[in-house]
Every structure is written in C-alpha cells, then in structure tokens.
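Q: Please construct the entire structure, taking both the sequences and the accompanying hints into account.
The listed protein sequences derive, respectively, from chains A and B. Heads up: the first sequence runs through residues 229 to 551, numbered per my numbering. Heads up: the second sequence runs through residues 229 to 551, numbered per my numbering.
Keep in mind the hints are simulated off the structure, nothing from the lab. Incorrect hints may have been included.
Said to hold, decoys possible - Straight line, CA to CA, 35 Å or less: simulated DSBU-like cross-link-like pairs of lysine-lysine:
no., chain 1, residue 1, chain 2, residue 2
1, B, K405, A, K235
2, A, K478, B, K411
3, B, K522, A, K394
Claimed, not checked - Covered by chain B, according to a simulated footprint, are these stretches of chain A (three or more residues, beta-carbon under 8 Å):
no., segment
4, 250 to 259
5, 478 to 486
To be verified - Beta-carbon label-pair distances, calculated as ranges:
no., chain 1, residue 1, chain 2, residue 2, range
6, B, K478, A, G323, 14 to 22 Å
7, B, A302, A, G348, 56 to 64 Å
8, A, D337, B, K478, 18 to 26 Å
Where is the CB? At the ideal position from N, CA and C, for every residue including glycine.
Number of protein chains: 2
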Amino acid sequence: MTKTNNKQIAVVGTGVIGVGWIVRFLAHGYDVVATDPAEGAEQKLREGVAHAWPYMERMGLAEGASQDRLRFEADLKEAVRDAVFVQENVPEREGLKRQVLADIDASTDRETVIASSTSGITPSTLQQDCAHPERIIVGHPFNPVYLLPLVEIVGGEHTSQEMIDKASDIYKAIAMKPLVIQKEVEGHVADRLMEALWREALHIVNDGVATTEEVDAAITYGAGLRWAQMGPFLTFHLAGGDEGMKHMLKQFGPALKLPWTKLEAPELTDELKDKVIEGTEQSAGNKPVQELEKQRNEFLVRLLDLVEEYWPEPQTILQNEQK
Amino acid sequence: MTKTNNKQIAVVGTGVIGVGWIVRFLAHGYDVVATDPAEGAEQKLREGVAHAWPYMERMGLAEGASQDRLRFEADLKEAVRDAVFVQENVPEREGLKRQVLADIDASTDRETVIASSTSGITPSTLQQDCAHPERIIVGHPFNPVYLLPLVEIVGGEHTSQEMIDKASDIYKAIAMKPLVIQKEVEGHVADRLMEALWREALHIVNDGVATTEEVDAAITYGAGLRWAQMGPFLTFHLAGGDEGMKHMLKQFGPALKLPWTKLEAPELTDELKDKVIEGTEQSAGNKPVQELEKQRNEFLVRLLDLVEEYWPEPQTILQNEQK
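A: Below you can see the structure in the form of structure tokens.
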C-alpha cells in the first residue's frame, strides 16, 4: 500500500478538463481521488472516464492502471488530504478559485503540489489567500487533456523553484510535455497565440472575406499540417533557405508593416532579431536546414496519408467547387 | 502527341515555389516547360526536382510521370507559347510581376489560364496591363508546394468565373485542395491567419514571456496537433460540449475583450454570431459533437504515434526540465 499512497493524486472539479486529467493519471497507474459538488457528478465522471478509456488502451496503459483506482469523495478536504499532487479545475471565476485553493492549501501536507488548470488567471493572484503559497502553480492543459501532451507551468511571485520542478516531474510521468513559462501574463503563451489567430479568423468572417469553413480549410490543408511537427519559428526557419531565419527576417521583415492582419506587429529591433535568429538556430540543434527539411518532408508524407481519412468532409466548399 | 500538347504547363520563375509547382505537375503526369532568367537556373532546377522526387514516389506517381518531361526554355515567350496553364512565381515586386504577366498574356492563347503565386498582391492589381485580364488569377500555394495541398484561388475585378473554374479543376488534378476566396484582400486568408499568430509570437518573445523554442513547443504539443485535422472553428465547436459553437461563443465571447493578445477582436454582433454558429454547424455536416470527437480522438491517437519520431529534439527546454 506504500506505493499507492505515494502516488495518490487528487482532482478537484470534474468537468471536461477535470475528467481529462483523471483519465491521464489513471492510465499512467496512479490512484486518483476526485471531488465535485455538482449533483450526479460521480456518475458523469465515471461515464466520462469509461468513454475515454479505449483511447488510453490504444496509447498503452501503465502496469496496474485501472479505472477502479478512481475514488469519488464528496468532501473537498477529505478528497485532497492524502494527495501528493492536487489538480484544481473549478469554474474560471477568480473568487471561487482562490477560495478552493485556500481550502486545499489548509487541508494538505506542505510538500503537496497544488496546480490550477486556469487558462486566464495568473498564479500570483491565485496564491494570495494561501498559507503556503510556494506550492501553488498554474498547470494549464489542452483539450483533450488525455491525448494532447502540452501543459504550461507558471509559477507566481511566491512559488518555489522546487515545486515547479516537482510539478514538471509529475507531468512528465504522465507523458506530458511541460513548458515552464518564465513570466506571468494573462492567457499564458499557447492561448495568446491561439487567440490571435482566432481573432483574425473572426475578422475575416466578419469582413466577408471567407466563411468559417473556408477559414478552417485554410488552416488544415496548409499551416496546420506543418504546425503538428514544427512551430512558427522553425517553420519560417525552413522557409529561409540555407540561411534560415536570418534570411527570412531580411526578406519578410518588411511584411510586418503591411496591413495583412488587424494585429500590429512589434518593432523588429536588432535585439528582437537576435533573439529570434539565435533562438531558432538553437532549437534547430544547429542542424542544417536541408536536414530539417528532410525530417519535415518524411513526416508530411506519412501525415498526409493518415489525415486524409480524418478530415471532416467539406460541405459548402465541395459544392462550390464541383458546381 | 495530342495528349501531351493538351497537358502542357508552363512555370515561370524557378525559385523554391516554382520548383515546388514543377515537381507537383510532373508527378501528376504533366509536361512542364520552365523558364527563369537567372544564371545556372536550369541546373539548380533539375537538382531541386531530383531532390523532391523520392517523396513524390512515396506519395504515388501518375502513370507516365517522369522528370524527363521537364523542358527548360530560356526565352519566356517561347516557354509559355503552347501551355494550357501558366503558373508565375517571379519575385514579389509589383512592377516586375505586372510586366511578366503582361508578357505571358501577349504570348499565349486566350483560353490559357494564367496564375500568379503571389502571397501579397491582389489580382486586380496584377491584371491591369493585360489585354485579356479575364484569365489572370491568383493561385497561392504553401511551402513545400509538392506536399501541402492548400492553394488559394482569388479572382480580380476582370477575372471570369469560367477561368476560376478551370484553374480549380487543374489544381484538383494535381491533388490540391483549391480554396476560392470571395474577396480580394492583401495576404488572402491563410497568410493573414498565420501572420496574426506570427506577430503575437514576436510580441511574446519581445516581451520576454517565452523563447522562440518555447513558443514553438506551445504550438506543436498542443493546438498544432488539432489544426492538422480541424481548423479553429471546428476545434472550438468541439470545445463547446453538446451545444458546440453556440455554447462556446456564450462562454468565451467575453474573453474577446481580454487583453490576451495585442490584437483587438471584432465586436461579437448577432450577425457575426449567426455567421459563426451556422457556418460551423454546416461544416460539421450536422454530425453531433460526440461523433466529431471520436473522429478527432482516433486521428490524434495515430498522429501522436507518428509525430513522436519527427518532433525536433528540444534543446533548451530539455535542459531546463532535466535540471
């Protein structure tokens, strides 16, 4: 039973995100105690877990992983008491989250990491009412949580590096890719990037330039295929020929001044240029662009073969095109 | 020889984009005549084609497809003379493009479609100096052109529907997904979306919130995986539970007012809401969200298995995490 106690996780709030966390922890062989005050929460939760389980079986379950290792506990304080790690997913209201986190803080061992799934609220705000704020972090996942590996870790003013490291280790143990964000900003990093694209998409629909379906197609049949493997910086690095990002900024830097989006770009100062070029070259692992291209092409050949089966059938576009 | 003459394509300008087009047309069994005034252009072109050819073999070549069906012709007018379709890819300078398109216009049969790969210039601008502007279109592809299926078709003020349809048919014949854009705007649709994300990415690096590598990771391990299959509208549709986009706009509409990005969102009017909800439901093919989720999850399970091999090795992030 020692092993079990060491690995006990508590999940507070069992909406879509909470269920996603629970599935991921269970599939990796953890004991999970879940709590949620909503009526019928336990039944809905168990259905949600059962629904996602076949995908986890296909991804490969850890030894001893079982849906039976989920316990539902109506009382919050009771639910978190023996947990080494608590993931909070209550509705996105600052007052509520602060209250729940303070309750968890008061009911757990000081060594317990307490992570909030918040997408919008900064950890310094969230940890204000806690007696031991050093173990309060943001651990922001992406839907579906049991499949997408990204989790953004953000520490607040009072968070300790030790607790960030602990959280990072736990997330890695459930096959996630933890990304430690250095600076607290609303929306963290990934949601800000998505929100920029989303706002531009709304402008395009609003201005009558394209329909929602056309906007979707403009992503899935193009950039979306590249972004599954490489982010925007490495993608542009590959568009710059042998010189990579250096050439790219020279050639397309001026385009930042064009009214191509409703978003004003930052001034391309020498400092920013250096950051971008050096950062990209570093993450390219100093591999020549040609080698990265080879890697990208081999991926794309296999991805195109796969995704063809899964693209939603175009409705309007198809009709337009087939006249 | 009749068949060959019917299918002759001319590609003007043999940089990265031009070579990409040539590879795609050759692989689908077309005869291609290429032209470019640069010194050593022919040799560089043939090397580029040979370099990409193995990927096309893996994607499956059309009957009779061969690298030998590429002819290089130094003289522009001679190169385009017998083509049923011309794809222009000269450098992105308005004056130069207008001149080259006018020359092509003067040297081809009136039935020949003339497409420009321009990413930034509108077709109404490009067709101004042509005697037969009705067959001038924008046909904007994405790198690598021989693998990514997206091509944006935009007609200008004088372009005929017949020519847009013809272009669409030719692009479909080379396994592309032509997207006809209804309204001319600089950057068309896909580049505007990418540029919005790119500008936000530069702001994030500029403000010291994250490094280029972290920004890339924030895309590839999360949204990028979803966007390979579903665009932003369908993605949010799935995040809205059973009610889909309708619920989504209710829940996250207010977030459009938050300073999460440097981009100001449009006002969420009833008209825009209707466009977004109806458009998304239509492209969902009226399938329930649960069914779309199933499709997404099955795709993600297979994609995650595939992409793991191809993600670039994280450099700095890995070090940070492993302490």
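Q: Hint by hint, say whether it matches the structure.
A: Against the structure, the hints:
As the CA atoms of B:K405 and A:K235 are separated by approximately 49 Å, the hinted pair breaks the 35 Å bound. Restraint check for A:K478 and B:K411: satisfied, since their Cα atoms lie roughly 30 Å apart, inside the 35 Å limit. Restraint check: the Cα-Cα separation between B:K522 and A:K394 comes to about 33 Å, which is no more than 35 Å; the hinted pair holds. With 0 residues carrying a beta carbon less than 8 Å from a beta carbon of chain B, the segment 250 to 259 of chain A misses the three-residue requirement, and the given coverage is violated.
Check result for the segment 478 to 486 of chain A against chain B: holds, 3 residues qualifying (beta carbon to beta carbon below 8 Å, three or more required). A hinted range of 14 to 22 Å for the beta carbons of B:K478 and A:G323 is consistent with their spacing of about 21 Å. Separated by about 60 Å at the C-beta atoms, B:A302 and A:G348 satisfy the suggested range of 56 to 64 Å. The hinted window of 18 to 26 Å between A:D337 and B:K478 is violated, with their beta carbons roughly 40 Å apart.
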